[in-house]
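Line by line, the protein sequences give chains S and H. So in the numbering used here, the last one in the first sequence is 560, and the numbering has no gaps at all. So in the numbering used here, the last one in the second sequence is 560, and the numbering has no gaps at all.
Please note that a few of the clues may not be correct.
Intra- or inter-copy, both count: the list cannot distinguish identical chains.
Derived lysine to aspartate or glutamate pairs resembling DMTMM-like cross-links, with alpha carbons at most 25 Å apart [to be verified]:
1) 486 - 313
2) 466 - 329
3) 187 - 463
4) 339 - 479
5) 121 - 4
6) 466 - 321
7) 467 - 194
Keep in mind that the hints were calculated from the coordinates and are not lab data.
There are 2 protein chains.
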Amino acid sequence: MVKDLKTGDIFRADHLVEAVLEARLKGDKEARGVAAVPVDAEKEAKSKKKKVKSTAVKLEDSVVAEIESVLAQIDNYDGPGLQSLIEKFEIKAPETGNDLSKPVEFNLMFDSSIGPTGQVKGYLRPETAQGHFINFARLLDFNNGKVPFASAQIGKSFRNEISPRQGLLRVREFVMAEIEHYVDPTKKNHAKFEDVKDQKMRLLPKETQSAGKTDLLEISIGDAVSQGIVDNETLGYFLVRISLFLTKIGIDPSRLRFRQHMANEMAHYAADCWDAEILNSFGWTECVGCADRSAYDLTVHSVRTGSKLVVREALDEPKIEERTVAVLDKKTMGPKFKKSAKIVEETILALDQERLNCIGRELEQKGESDVQAADGEKYVLTPDFIKIERKVFKEASREFTPNVIEPSFGIGRILYSLLEHSYWAREKDADRRVLSLPPAVAPIKCLIVPLSGNEGFRPLLRDVSKKMRSAGISCRVDDSSASIGKRYARNDELGTPFGCTIDFASVKNGTMTLRDRDTTEQLIGKMDDVIAVVEGLCNAEIDWQEASRRLDAYSGEQAM
Amino acid sequence: MVKDLKTGDIFRADHLVEAVLEARLKGDKEARGVAAVPVDAEKEAKSKKKKVKSTAVKLEDSVVAEIESVLAQIDNYDGPGLQSLIEKFEIKAPETGNDLSKPVEFNLMFDSSIGPTGQVKGYLRPETAQGHFINFARLLDFNNGKVPFASAQIGKSFRNEISPRQGLLRVREFVMAEIEHYVDPTKKNHAKFEDVKDQKMRLLPKETQSAGKTDLLEISIGDAVSQGIVDNETLGYFLVRISLFLTKIGIDPSRLRFRQHMANEMAHYAADCWDAEILNSFGWTECVGCADRSAYDLTVHSVRTGSKLVVREALDEPKIEERTVAVLDKKTMGPKFKKSAKIVEETILALDQERLNCIGRELEQKGESDVQAADGEKYVLTPDFIKIERKVFKEASREFTPNVIEPSFGIGRILYSLLEHSYWAREKDADRRVLSLPPAVAPIKCLIVPLSGNEGFRPLLRDVSKKMRSAGISCRVDDSSASIGKRYARNDELGTPFGCTIDFASVKNGTMTLRDRDTTEQLIGKMDDVIAVVEGLCNAEIDWQEASRRLDAYSGEQAM
């Protein structure tokens, strides 16, 4: 990061240099009268980079070429490298034009110290994924040593963002949920893919983006996988599940798309990666990532910890293979090579098939051969201690590092988008707002309102709310003195999907009404029947149409 | 904290001084041949204090008196105070006898810095409770301005313990769950107390402890409250709920007790406080606290933030009261007192009833009176601008700060104790271990095992596991090649309460067996019937006895 030396404002050095140089190129194009390449406004809006205004100033051709070359490799500059760019191109703080400090490193992880000595550093985790990989060996064991299996986790992560912004979208403490699904790299098909293959998806493949377009491709996931747009069935299966999850909790399907990572934004090890992006007032926002991360994470953990993170799979039929091998007589080698014997042996055992065959031919034809060992010396090989033979090998199992498909959910971003998609105003009265959370996610599923404060309603209120709780329906009694219309209205705004009213007919006939938040339609029936219908609606076993068949329509008048 | 100057070992200074002085008193008693007061060994074992061995050394009577006086107020010493005690009593590091460093303050909260400047300090929360109080005003509003209501939360807390120990019992990062139940301080009865009043509790009241005993009082919560052992119904209600919760998840009731805080360990503001203590291999361990914290937290938050955290309650009958008031004529006061007018007015309005009555009498008798204002000046009061009158006031509402009853759960400690209470070995074979987690908390409710790897079982396995998942039963297929006995045994050890076996009779007759983990008893029935029984068992709607009525007994032989 660099600091504006006068105001103390802080910028990410790499982003600032990039933005300033891009602005100069743009200004140069304007000055030359060349139409600038149209910019994806949405993408621009959600970019992390500081915006820098361009001014129409023509640059030397050589300067343009140099800037273009710098920008093409901007991610490769370290602190001193960025400093030399800042000096060379006389980059100042945007807006103020003040001088900038030298770039200093800034760790995006929050640090603390553990224990009383203050000498043990600790960090708040910047992502939850590592916890999965650390537990991989145990999970594999739990799954009887077989893949596929998956682990799932939800928890907080922390990143010390230089400038948190956009409400809940970029914050320093956030909740993530993640699945790591481990698969055999040679078998990325999915047992349940058949069940979802006709599911239509709205995709934005990388080719479309490369062409500077944002047209969505509506395609079944089955076709997307078979046409190679989505890399494999398992990845495709999870894209469908993510889509179904998001729409089930109330995300507007017309404001949801899956954008594929372009080659330059995807991690080098990833086989394929798609982001579920949701359109909200900040633009298309990445809310769920779904990547095929290949064997990268397990390999890195394995290398660092020195513990094997692999699956051994028994082969249906043992693999039979003939291979050339060197058979060594160590008793002869010992006295012959003395302390070099070991290095000669290791060198020979590390030779590949072709080299062994060559040595075999030389031994046969010339009676000797030689190898250069790791110590740089050349050693002569003679038939008294080395024989080159063909042998048959039978392997009953294979060993592989599983690949991992990782759907990763930004819970705060999903929740924020959900609130935006759910909040609307009634046509007749714009002051009457509704939060249309589906029953599955509404914190309170059913409102219970007495018509008035009449004492006769109390036992019924208690009874109904007790029965609803027993049925697992989270409910709430609103017995405040506000009018019934007002009470409905404010609970509509709180997102409560259903409402039951206890009135004089309830006391007399044991009936109550059921109101649907979104349509304000009302039904009426015996209390227990209404509760059963609410339970069915909350568990998504029936819809309102079916509820209307099971209960009578209610027009506001009750047979008394 | 203080440091052993040679080894670098670190101690809590207050605990160390206390432990050393207590050991000296004990040694003195031994030297004098006085039987030491029997110590609650369990309590001792779980004390946070460093253990210090006593040696029989007789002390001067004056020294004994001084040490006793110091110990009585040990919590009141600050750093320099502790330093002077260390010097005066020549306290050294226990075990090594080395000199100690001066006490330095040690913050038990983990700190970090927020944002890029490094100048904004942040701390990891040491408890979750404050989040409730910060949200109190909003929650009250959501509850239509009325108490009682409660908020509940679960989350991580962090304390930089000097020496974490005892496995999961004292750790630096832990999960807490908390309820804050807000009540009217004049109405601490509870609407559902009647439902639980006969529940028997195992209590260790403070009086028993003061007498140096640990005998448990078995008493119904109704009697405990009516006899004043437990302060109020709401507190009692939550004690019952805690007890029911713990025993329902599998805590052994005979290793559960509720210990009341003694006067000296209870926070000064608390009305009453009980800990649910569970006996495990580390002794009786505090796992849930349940305190009536009175109005303390809300009052402190209110004072610090300047926002009112109170409930306004409409009175059933308005309160009518006659009060003496001063009626001021500000038009006269202005010219008379000039810029002192305001302070005179404020002084008069702050006077109490008695003083006002007195002024009234003086004005009547002498035609004048006087007051001393906050500026130290005395001002003469005359009837031209002040009249003392009796007025009738009618108050339609009262305002109060709710009290809070706080059950607070240490999830890690409960889980650790639960594992200890659940783990046992079969009588016939001590190598066969069982983890008797009740279905409610077992991560996997039902094991599904095929008799062998026979291909004919596959469709049935898929079918049964799909139906179980639809019924909300978390299940797992163990189709490894181990013998069926071995597969049952290892899943017993994993805590899976039920097991279903698919065998040739399943293919032929559509039956499967159901096995109970704890008794190893087996039943048999049509697959759908067995699934329905498992569902009933998992939801605690039926017990094994009822299951045995609905399904046939299975002896290991099947009618083929």
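* Asked: When the hints from earlier in the document are held up against this structure, which numbers fail?
  -> Those not satisfied are hints 2, 4, 6.
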